[in-house]
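Novice: Fit chains L and H to the given chain Y structure using the hints.
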Amino acid sequence: MKKRLLLLIILTILAAAYVFPVVLTIVNSLRYSGSAFTLRQYGEFFFTNHTAMLYFWNSALYAGAITAVSIIVSFPLGFLFAKVRFRGRDALFFVFVVVMLLPFQATLLPNYIQLRDMKLLNTPLALMLPMMFTPFAVFLYRQFIAAIPNELLEYATLETSSVIKLLRHVVMPQLKAPISALAVLIFCESWNMVEQAIIFASEAPDIMPLSVVLTRLPEDVVFAGATIYMYPVLVVFLLFRETLQKAMEKFRW
Amino acid sequence: MNNKRFKLKVFALCIPGLAGFIMFFLWPFGKSLWYSFIDDVFHKNFVWFDNYRMVLGNRYFRLALRNTLIFSFVGVGLLLIVSLALSMGLVRLDRRYHFMKSAFFLPMLLPTVSVIFAWRLVFDNDVYFAWMKDGGPLLQTLPIYVLYIWKNSGVNIILLTAALSQLPGEIIEAAELDGVRGLKLFRYVTMPLITPVMFFVGILSFVNSLKIFKESYLFYGTNYPLDAAYNIQYYMNNHFLKFNYHNLACASAIAAIILAIIISLIYKIQNKFTEDVSI
Amino acid sequence: MRRYMLYGLLLIIILLAGCSTSDKKDAEGDVKLPSFQKITVSNPASEVVTFTVSPDGNLYILEAGGLLTVYKNDGTLMHEYENTSDFIAVCWHDGMVYAYDAVKQQIVALDTKDGSIKKITDELKAEEILKLASAGEYIYALAVPEVHNYELGPNGYINFGEILYRINPKTGEVIDTNETNIIAIYAASDGKLYYYAYRDDAYALYTFGTKDGKSAKLYNLDDIGYITAFVYENDYFIYSDHEKVVMLNLSDNTEKVIEEPILILCGNDMTFLKGNIIYFGYYTDKPNAINSVYIEDINRNSHADISDIDNDDKKNKEYKEFIEAAEEKGSVAVSIPFSKVYINSSIVKRISGIKTVFISQNIDNQAVLTEIMAGNPDVDIYITTPASYLAEGVLSKGIYVSLNNSEIIKNYKDKCFDYIADAMTAPSGDIWMLPLQLDSYVIWYIPENIEKFDIDLEEFRYLDDFLKLSERMPRTGNYAAYVETPYLFARSLEDQYDMTYNNFKEKKVNYETPLFRDLFDKMWSGWIMYSPNSRHPLFRSSHDDYKGELMEESARFDKTRVIYKYDSIGEQLNMSSLDGWRVLPMPRLNSDVKKNSVNISCAFINPHSKNKELALEYLEAITKVPFDYWSYTCVLLFKDKEMYADRYDITQPAFEDIYNIVKDGMINSRCGFYINGNIIDDYQNGRLTLDEAIALIQREAEMWLNE
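Residue numbers (this note's numbering), protein chains in the order written: chain Y, 1 to 253; chain L, 1001 to 1279; chain H, 2001 to 2707.
For reference, chain Y alone in the conformation it holds in the complex:
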């Protein structure tokens, strides 16, 4: 019993340590040049710098759109790689994984030229399109779908020959939790976008996401900005906590 208690204490301390930076940020956002508890930082952030909220909604738009589109578009691809056998399947998937790992500078200039030729530079689409087709979603989908027993699918194909029906009625229900997990992950990743915004939207400061603006805020408002920027993530996290965990647990090998 004592061992359990000790374990509990250690784990609690560690958990607190993990959450500490968040707490630190929030606490600092409530201070203003020395004084302990004041909402002045938020006041300055919202009222004197009132265009800052505009960028917040920009970020929300990008994150939302990217999440929605990538979930829908990667789904069939994940299924393809998981269940459908064809020649070169593993090789192609391998390519997906390798490309996913590359840092973005590798493809930056060709991407820039592409977007410019399509006349999409400095528009919101430039920031959204590349991330909408990220191989990360395909990768995760594949892992999840691979866990679905083949027999289930075989059985379903006896009933219907329509692929769409198969995906909708058989595969999707199995993936409810994983899809929300994936949505949360992609949301958080696209919420984090910084470098693309600087390069692809350099001439149009109005469509920048908040992450870029945050680094240019004056010193004393920075913590409030950081907290507000974290806020949606925290909300999403609290809402989807259970689902996420259940989804992760369903991983099977």
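There may be inaccurate statements among the hints.
Residues on chain L that point at chain H, a partial pick, calculated with CB under 10 Å [what the hints assert, rightly or not]:
| id | residue |
| --- | --- |
| 1 | Trp1048 |
| 2 | Phe1049 |
| 3 | Ser1216 |
| 4 | Phe1219 |
| 5 | Gly1221 |
| 6 | Lys1242 |
Note that these hints are calculated values from the structure, not bench results.
Computed from a prediction, not measured in an experiment: that's the story for all the values here.
From the three backbone atoms N, C-alpha and C, an ideal C-beta is built for every residue, glycine too.
Specialist: Just chains L and H, lined up with the frame of chain Y:
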């Protein structure tokens, strides 16, 4: 299910995704590979492998590569140990304390920009700076390791706790009856059972170790961080700022090759270990 | 039923009738389009800063140096006030002239009858007041917190962070109206304050409710874009953008150009009185910068011209023939990393017929590099400096169009100094750029004051002596000896070191020498104002809190009180006369440094552009008017002194000094490597010792070279 018509229909559904991938990822990568074989973007003369020779011979590139690989391996190793330890601890707790898992998972979702200020408060003060500049590579890169572990243990813990709690109880009981306990139990019974999960966790951690550049750049705040922190992404970024696009492309090609090798190795090893083919 | 219909009809008719009557106040006389003539006043002003008008038509003109003179409507001098030396903005209100005292930073009132000055408000928290306007019972002040801090926004909007204050002259109360994005203000004869602002992505005219403090948008004027000043009377909107004055009739949307080319700057600027428009501006296509105040009096058809115009008609006529307008030929897109008001595109248009379209260049290095590497077909000409990332990369990769085919440009190159001609030549032998301007930072001194303080000119030669000298300088506030831009001074010293001891092209870079160590220490551990413990008051800007200890603000502008100063050549050449000054090159590190560092800007043609021939013609046109293309700077590119005769006063000994300095110049070009500001910060914070900092710098330099 595996007849031609079915396959074609699935293909058809995949077209948007594939098209997007090819257009925004594959084709740019291909073009940048092409860049690595020419002398510069403007004159477009083929120089074959000259660029590669130059890049591989450059000692800063080798330094960057070495640092990146070291960080990936050491980081992943540490991360696995930490995640495993925490998971094993969590699993032994009562049900009602399992919500604590969430605390570990939170850091993964947080946007980098938000937490970097808090991190700076902890690590970017005069005391630590003094340690850092005199200390060896370990102290210099410690903040980044801590950041990395902090950020990525969450997902690993959730996966591992799930796997650990799904261990077939009978096998463990049988082993305990046989007198296997403690460390031996862990090494010979638990580990092999969770090996598949460990591999997946390993790959995921490896993927995330390459994404640490953003945090590192924001933390050190400079294009030329201390020697031990100089990653291959810094190398690429600096060349980008200097117009040396061909160097950049070479570096990414070399990086891609090495990544490919590592990943295929991991897959091969994993396949040997597990009986399930579907990875 | 019919009765109600009848009543209803009557009501409608009455309503319609009511709507159609104009509720505008009667202006005094219709505003007809003026025609202009000039008359000369009896006592030309040396340099007009701003002006205001009293209701009976007297002009109160404020000159540089603070002399306030009053002229009657026909140009005769009435009075000169002398205790107005610190005024920088004036306006007429209620029988008195209200002004902003720049030193005390207060609004004061000058009684025109006896010349006494009364304080009205307490200290205002603004660095500079651009304009004062009197509307109703209040006085409004358009202020900027920091005059050198501006942001370029979209659609050509330049954001200075303007603040609009409302001042109650009776109580002295100052209120910040919290209106933002204001570009120009005008108090109309109906007693209301109008302002032009850029909000919600559009330019518009607003009225400011003087009683209730609220604003309302009147007209959307997004087609006009950024302006510098305006007058709004009776539905006529008369505005000045940086090239011309246009009268826009808001009711029928007709417009007519009143004057072109002319540049009217913000701040008493333009006003309206009894049917006349009064404005003051700079002609941008005439050889001497002419400051003219024009009173358009429709009744009498006359003007008052207060200027120091060179009345040599012959010269003017020659110039006029020379720049007869050429026919329209198309347009060229020029990418500039600063505001377009500095470029006189109209003069190029006159000569060659080519219109200029300005594209703002991103000041973020990474973004501009990506753009150039990717090849932007929309830009024809890029303007940059050779000492930048941009130029070095472009040159080494060959991303320019060779200008060798142009005989004109080759001749131009031969006229330039040798080192400039070298800079114009790429390694391949082609001419790759056209230099547009050349400036340098030098020491200006007044010989009388130097003698008065027993200073030996040799003390300016080397840095150590110079620093010792500066410690001896008086600190009573009466005399000024200062370094205008300490940060640039420090960087220039770095440049000297780099040019002399390092060779980036051959990859030989060594910062770990005792000389650099000493220099670094001197620069950053207290000599420069950026250090938290700046030791040396010479290097503190006068804007600091220790004001008054070394010199008063006004001493800087008073030639008789300046001992010496470190300032750019362009500043003096353009803004005031060289009379009485002499010039010395900036102090050198040691005897190894043999040349003086200069900065130039250049233009090159984008190889991806579709208009290469037109761009070449554009550059050739610039070579015909090298001194007029770029305002507020100096162009000292030529070997032959006679070429400067029209523009600068070459008889002055100061000019001879300048010429000798520039003759022996070297162009700063560091190939893009700069010492990292973080290292400097860490050194100043005490986190790094001097040796460690130097070692880090050396390391970064090596990495930069060898990556």
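Novice: Does each hint fit the structure? Answer for all of them.
Specialist: Status of the hints after comparison with the structure:
{"no.": "1", "hint": "Trp1048", "in the structure": "violated (20 Å)"}
{"no.": "2", "hint": "Phe1049", "in the structure": "violated (20 Å)"}
{"no.": "3", "hint": "Ser1216", "in the structure": "violated (15 Å)"}
{"no.": "4", "hint": "Phe1219", "in the structure": "violated (12 Å)"}
{"no.": "5", "hint": "Gly1221", "in the structure": "holds (6 Å)"}
{"no.": "6", "hint": "Lys1242", "in the structure": "holds (7 Å)"}
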